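Assemble the whole structure, with the sequences as input and the hints as a guide.
With my numbering applied, the sequence shown corresponds to residues 2 to 401, in that order.
There's no promise every hint is true.
The following label-pair restraints were derived from C-beta to C-beta distances [claimed, not checked]: (1) 345 with 273: 21 to 27 Å; (2) 352 with 267: 41 to 47 Å; (3) 27 with 5: 20 to 26 Å; (4) 51 with 132: 26 to 32 Å; (5) 244 with 267: 38 to 44 Å; (6) 344 with 256: 38 to 44 Å; (7) 373 with 249: 35 to 41 Å; (8) 133 with 93: 43 to 49 Å; (9) 237 with 94: 43 to 49 Å; (10) 111 with 249: 22 to 28 Å; (11) 267 with 241: 14 to 20 Å; (12) 393 with 367: 15 to 21 Å.
Listed next, the in silico DSSO-like pairs over lysine-lysine satisfying Cα-Cα at most 30 Å (straight line) [stated by the list, open to error]: (13) 249 with 165; (14) 287 with 363; (15) 7 with 30; (16) 7 with 165; (17) 349 with 269.
Calculated directly from the structure, the hints in this document are not laboratory data. Predicted model, so just to flag it, every value in this text is computed and none were measured. Using N, Cα and C, we set each Cβ at its ideal position, and we do this for glycine too.
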Amino acid sequence: MLSLDKTKELISIITNTTDTLSNLQTTLKSAMDMKNTVISLKYLSILLADGVLDHQQQIVTVWIIYKSFETESFDEHPFKPLFSYIFDIRQSKPNTYSPKLYDILGCILSNHNVDDIGDYSVSQILGPNFSLSAPEPSDVHIGKYNFTRLSPLIIDQSVSDEPKISQIDVLTELMQNVSYCSDFDPPYIRPEPELSPLFEHELEQTFIVSGSEPMMIFDENHSAESTNVAKKLLTRASKSPLSATETKNLCNHIASDPSILDDFIDDKSIIEILDMNPRIVEIAIKTNAPKYAQYIDSILKVPLSDGTTDVIQAIILSSSDRLTSLRTFCNTNITAIRSARDNVGAQKIARLFCKLLTDLIKDGIKLDGTLTMSIASFCDDMRRRNIKEAVALQQTLKTD
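Set out below in structure tokens:
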């Protein structure tokens, strides 16, 4: 809290109507050290926000607060919320603040140069000869502010026989009252900072697996809950497609804890999941291929679709007997294509099959003579149907 002498000195500065505003600002700087300057600015902002100052004191106070911080743009000024608040209530409380003060605030809030105002005294500014080309209120950019001020002052309108005290005495008492002014507690809430955009992985679910460690060492509540969620998703995965987020979270959980699949995977369900959510089967195979070897033959006997291409490729590349897996895959799809009654559907499977087989050969998969002849014959048939992928596959067979 300011000492009584410093309080009176501060009040005398803002009450001075004859010196120029720049001189009053200089006087305050020379009269106060850094700590007292910060406290003074806070006290002045509180008195200004509560409408306790008279019109002359308001102008000096605004100028002192404004000039106490040199910023490239007024948007960076720490007291912008206060100035915005005062300017915004000019219609609801028209007599609380001076009309000339609103002109000055309009220029400040619009980032206009107001340095020339410092060459005038308060008497001159409030006089009839002072004019200021202030912007229209609708043109002033107040911006986003969050000004919350709950004043402890209670104004009593009742008539009292007690002698009245002067406005200077009121200011002195208020600035010396701890319940009204405290040195560094915020008198109002500063604007909240701008929110940064969310990072790509910021909202991803985190799964904690502590292994054999006691649960008390890790906060596994979230992990336990995520396991229950993963089980529910697995139940749904065989019946309907999951959303991208659900699929991603479930795959993450399977990768970290493959045992969750034990109660959900069998010959029937793995084909159902493959049909609805092939990505889940792909992760299961990549995570623990030997464990699901018994289901691989069932998967390879399912004709290709857009979603199962990556799964089939992962199965064949990770298989311990690539040639057998490849032969099952080729026989299934060649038979499905040649026996299909839907020509459009057959062409779609043929394109997927030829492209995948071309990629597998380029990845180092070796074919035996029988399989090569079977595929070459198939390519001849597909070439007659104008399947470009079959031509590319035939060229790959010749160069392999």
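Now for the hints, and whether the structure bears them out:
1. 345 with 273: 21 to 27 Å: holds (25 Å)
2. 352 with 267: 41 to 47 Å: violated (32 Å)
3. 27 with 5: 20 to 26 Å: holds (23 Å)
4. 51 with 132: 26 to 32 Å: Holds - the Cβ-Cβ distance for residue 51 and residue 132, about 30 Å, lies within 26 to 32 Å.
5. 244 with 267: 38 to 44 Å: Because 25 Å falls outside the window, the suggested range is violated.
6. 344 with 256: 38 to 44 Å: holds (40 Å)
7. 373 with 249: 35 to 41 Å: holds (39 Å)
8. 133 with 93: 43 to 49 Å: Hint violated: Cβ distance 23 Å, outside 43 to 49 Å.
9. 237 with 94: 43 to 49 Å: violated (59 Å)
10. 111 with 249: 22 to 28 Å: Violated: the Cβ-Cβ distance is about 48 Å, outside 22 to 28 Å.
11. 267 with 241: 14 to 20 Å: 19 Å Cβ-Cβ, so the 14 to 20 Å window holds.
12. 393 with 367: 15 to 21 Å: Given range 15 to 21 Å: holds, Cβ gap about 19 Å.
13. 249 with 165: violated (74 Å)
14. 287 with 363: With Cα atoms ~20 Å apart, residue 287 and residue 363 stay inside 30 Å; holds.
15. 7 with 30: Measuring from Cα to Cα gives roughly 12 Å; hence the hint holds.
16. 7 with 165: holds (24 Å)
17. 349 with 269: Within the cut-off at roughly 25 Å; holds.
Hints 2, 5, 8, 9, 10, 13 from the earlier list are contradicted by this structure; the remaining hints agree with it.
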